[in-house]
Amino acid sequence: MAIGRPVEAVADIPEAAPRRRWLAVVGEFCRQRPLGALGAAVVAVNILVGLGANVIAPYDPVATDYGAMLARPTTAHWLGTDAFGRDVLSRIIYGSRTAMLVGFACAFIGATVGAVIGVASAYFAGKVDLLVQRVMDIFLAFPLIILALAVVSILGTGIQNVIVAIAIPDDSARRARGAVERAWRSARCRTWTPRARPASGTGASFCATCSRT
Amino acid sequence: MTKYIVKRLLLMIPTLLGVAVLIFFLMRVVPGDIVELRFSGESAYASKENLDKERARLGLDKPVWQQFVSWMGGLVRLDFGTSMWTGAPITEEIRLRFALSLQLAIMATIVAVLLAIPLGVIAALRQDTWIDYAVRVISIAGLATPSFWLGIVFILGLLIIFKWLPPMVYTPFWTDPVQNLAQLIWPALAVGYRYSAVATRMTRSAMLEVLREDYIRTARAKGVWEKLILSRHALKNAMLPVLTVIALEFAFLIGGLVVTEQVFNLNGLGMLFVEAVGHRDYTLTQALVMLVAFVFIFVNFLVDLAYAWIDPRIRFR
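Residue numbers (our numbering), protein chains in the order written: chain A, 1 to 213; chain B, 1 to 317.
If you're looking for bench data, these hints aren't it; they were derived computationally from the structure.
Treat the hints with care, since some could be wrong.
Residues on chain A that point at chain B, a partial pick, calculated with CB under 10 Å [claimed, not checked]: (1) L38; (2) G39; (3) F108; (4) I109; (5) D137; (6) I146; (7) L147; (8) L149; (9) I154.
Ideal Cβ placement from N, Cα and C applies to all residues, glycine included.
Take these sequences, add in the hints, and give me the full structure.
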């Protein structure tokens, strides 16, 4: 996000106390990029909650309690229960496992494959570039919902197939290609400025994965 | 320029052809078939002969390549045929729903642009102040909030606070604009918020990048009025990536709002998509995909033309 911010400040931390250096870097980061630190904290909490779901969750997420269906929040069920009497809090806690897995896997696979394709397309240029771009156009123009429905009905439901369905239309390839192009163009007309930031695209597609419908 | 436009229009053909091939064969690879689905409830009629008769009626007994050729022949003449499930002409099936989806997408875009551009510009001008942080928190929250959830909150909030429920039956705009807008403004706001989040972030980072350019300093040095620098020099150049984001999102909205449509009881293209695939209605699904793909490609084409209009340095060959 932040462009041209003084990153040197992080590098200038004295080498004197090697044991405290790691903490100092973290502290410096929190002070310089409070929003980034907040975001990292949210993701870290989500990962921890997901990892320790079986310890933290007060109930089994699929255990039904027909005596307490659609209950309001009480001390026994902090967030109440759903139509089958399942504890909502426990379900959310277990849900972060799926959310983290799908989110990270999609962003990682989409960005990695996309970056390779995009950079290769820009590097080889010419006919290869034209062909790759046309194929990318086809996938981008293809409605996401159909691709997802098709993948799920061919491969069946399940987390790994959801990941495939969401990762296919990732537009990292286009971003990566654009980034390389821009870098080349600025290399030709002035001194090279590495302002290519496909990473920010990855972050956005991660968020989009979680909220788009 | 004319040459460029013609070339771009011609380049649409291979892309659309690719989409057509992909959807045609994808639908045939997906397991399940419309005839079995239709007769599954009525086992009395599901004899082998009846199934075959129905398949023959729908033309599903012919070899796949023949089906493909006849479908492509229809596409070229812009004849999409009839829906396999309802038997109604596809243009009839799609027309009203497309009008609804298009109107919703346009309204959401208006909401998003009205929010995103002022917020993004202010955030960039006041970088690292509390204003900037507030805008960034609002836009991150927008990315993280599912729009169907926001829609539910809107409906419940209106009901509880104002004891008023937005109309839940669709009225076309030309029949009763007030009724129509009273219904569609809520989904437009819910979707527009998420949409504006993407655009705000892009506006902010593009403005920050442009404001560091040499020509902005030159403009300031020669004493151009600051407001003019912002509107004419900076904002105009910063709009390029924002336009791309808006166009991508707009194209997505045409066919991609499934849950939001369900929340507001809207019969838009998103719901039709799910029904069509669920019924394995090949002709309808194929027509829908071609329509959405065409909108996507056409919007992108318009954006590229707008690029040249906004930034005269861009000359297309």
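Comparing the hints with the structure gives:
| no. | hint | verdict |
| --- | --- | --- |
| 1 | L38 | holds (9 Å) |
| 2 | G39 | holds (8 Å) |
| 3 | F108 | violated (19 Å) |
| 4 | I109 | violated (20 Å) |
| 5 | D137 | holds (5 Å) |
| 6 | I146 | holds (6 Å) |
| 7 | L147 | holds (8 Å) |
| 8 | L149 | holds (5 Å) |
| 9 | I154 | holds (6 Å) |
Hints 3 and 4 from the list above are not met by this structure, while the remaining hints are.
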